[in-house]
Amino acid sequence: MSMVHVSARVNGDAVEFLCDSRETLLDVLRDRLALTGAKEGCGTGDCGACSVIFNGRLVASCLVLGAEAEGAEIETVEGMADGEKLHPLQQKIIEHAALQCGICTPGILIAARALLAKNPDPNEKEIRYWLAGNLCRCTGYDKIIRAIQDAAAEMREEA
Amino acid sequence: MQYLKPASFEEAVAMAGEAHGDVRFLAGGTDLLVRMRMGRVPDVLIDLKHIPGARDIVCEGGGWRIGVAVPGAELTEHAGLRADWPGVVEAIGLIGSTQVQGRATPVGNLMNASPAADSVPALIAAGAEVEVLGPKGARRVAVGDIPTGPGQTSLAQGEVISALYLPPRGAHGGDAYQRFIPRTEMDIAVVGCAVSLSRDGDVITEARVALGAMAPTALMVEEAAAALEGTTLGGEALAALGEAASAAGEPIDDKRGTAKFRRHVAGVLARRVALVAYERAGGAK
Ligand code: FES
Ligand code: FES
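The listed protein sequences derive, respectively, from chains C and F.
Just so we're aligned: 90 in my numbering is position 77 of the first sequence, and the numbers increase by one with no gaps anywhere.
Just so we're aligned: 240 in my numbering is position 230 of the second sequence, and the numbers increase by one with no gaps anywhere.
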């Protein structure tokens, strides 16, 4: 078994881990770093539940190897709230009841945050295309879209 | 599985030469990690992303050199590439989700060798080439000569693609790509079509037409290009183009569509895509 030593930053904190060369970044986050926010829905890049930001890009962490994370900056849902204060996207997802089982939610949150960083005022179509790789089996998406737009409006005011 | 990070393409070739068993090169990994998940784990994985230049987009002699590790998201944000080769960029942008775009690369799309790969017809129509490096040195190969069948390429064991080259666009040129899928996002082309052409005034002086998912590999369709050249893309030229596209290849019946449907869609797409490329060549954005 070939183990790889990796140093990276997760939500601003330096982390080091040893992982099997075949292990995905998702497995590393969940099983070695105890960051269980990112979920495994499919393991094959189709559902987006494992979404994280990797060196500034939204990616599916099930399609990245842990070994590839050497020197990387990784942002996960765990880094979104500021202490007890929820991120506006998290707050609005709750207010709009835009989740049921919640399995898709961490991925939706991190994907929406990446979208708003690029486009602070996305229209519905832009949100739907951006989130095409984030599947939700529960909500039917409408509430998610409205929550993101509401959060975006709040964030524009604060900015 | 051994995970290796060469510092040059020469080193990558040497590593592949010394390795035993199944050797794979890693760029974005969006196809490779799915294969691994299905149990097809290579013995040696050679990650190309840390080789200097592999993440760069460089304007070179009026054309573009694109590193093998540049993901779709970066390509679709690149203003210079979008201005020169909007069809290539839109084809790359259609691959997978936002998350997949964050990793997936056009050379990976090419080496995965799916007959339905979106970027491949667009790259063929654009006249793109790749540099192939192996134990015997480097050679330039037209993109269309890389895939030889579903999942098969013309690269020999131990050879690696070191860069993708788009030629200079030249004045009054335009390209476009569209595909048919039964939904609006995140699906595999039933048929894809790319057209690249140059104009002198209203007259098409040069055209290249390529189709995806109409044969075991993406196809360049000479008859379709001939139907465009010398015309101003009037009704007759469009009809001839559509017929040539419909007649091309050897489409199959599968769960995504029948051969008959594919032939029909190829004609429809060719006409639509040619109109977009023609407008772009005339200066439309
Ligand atoms: S678990 Fe990664 S996309 Fe589904
Ligand atoms: S809330 Fe259950 S999958 Fe989205």
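Quick caveat, the hints were computed from the structure, so don't treat them as lab data.
None of these values were measured; they are calculated from a predicted model.
Among these hints, one or two may not hold up.
[Claimed, not checked] Derived lysine to aspartate or glutamate pairs resembling DMTMM-like cross-links, with alpha carbons at most 20 Å apart:
(1) Lys-59/F <-> Glu-36/C
(2) Lys-15/F <-> Glu-29/C
(3) Lys-131/C <-> Glu-84/F
Against the structure, the hints come out as follows:
no. : hint                   : result
1   : Lys-59/F <-> Glu-36/C  : holds, 18 Å
2   : Lys-15/F <-> Glu-29/C  : holds, 19 Å
3   : Lys-131/C <-> Glu-84/F : holds, 13 Å
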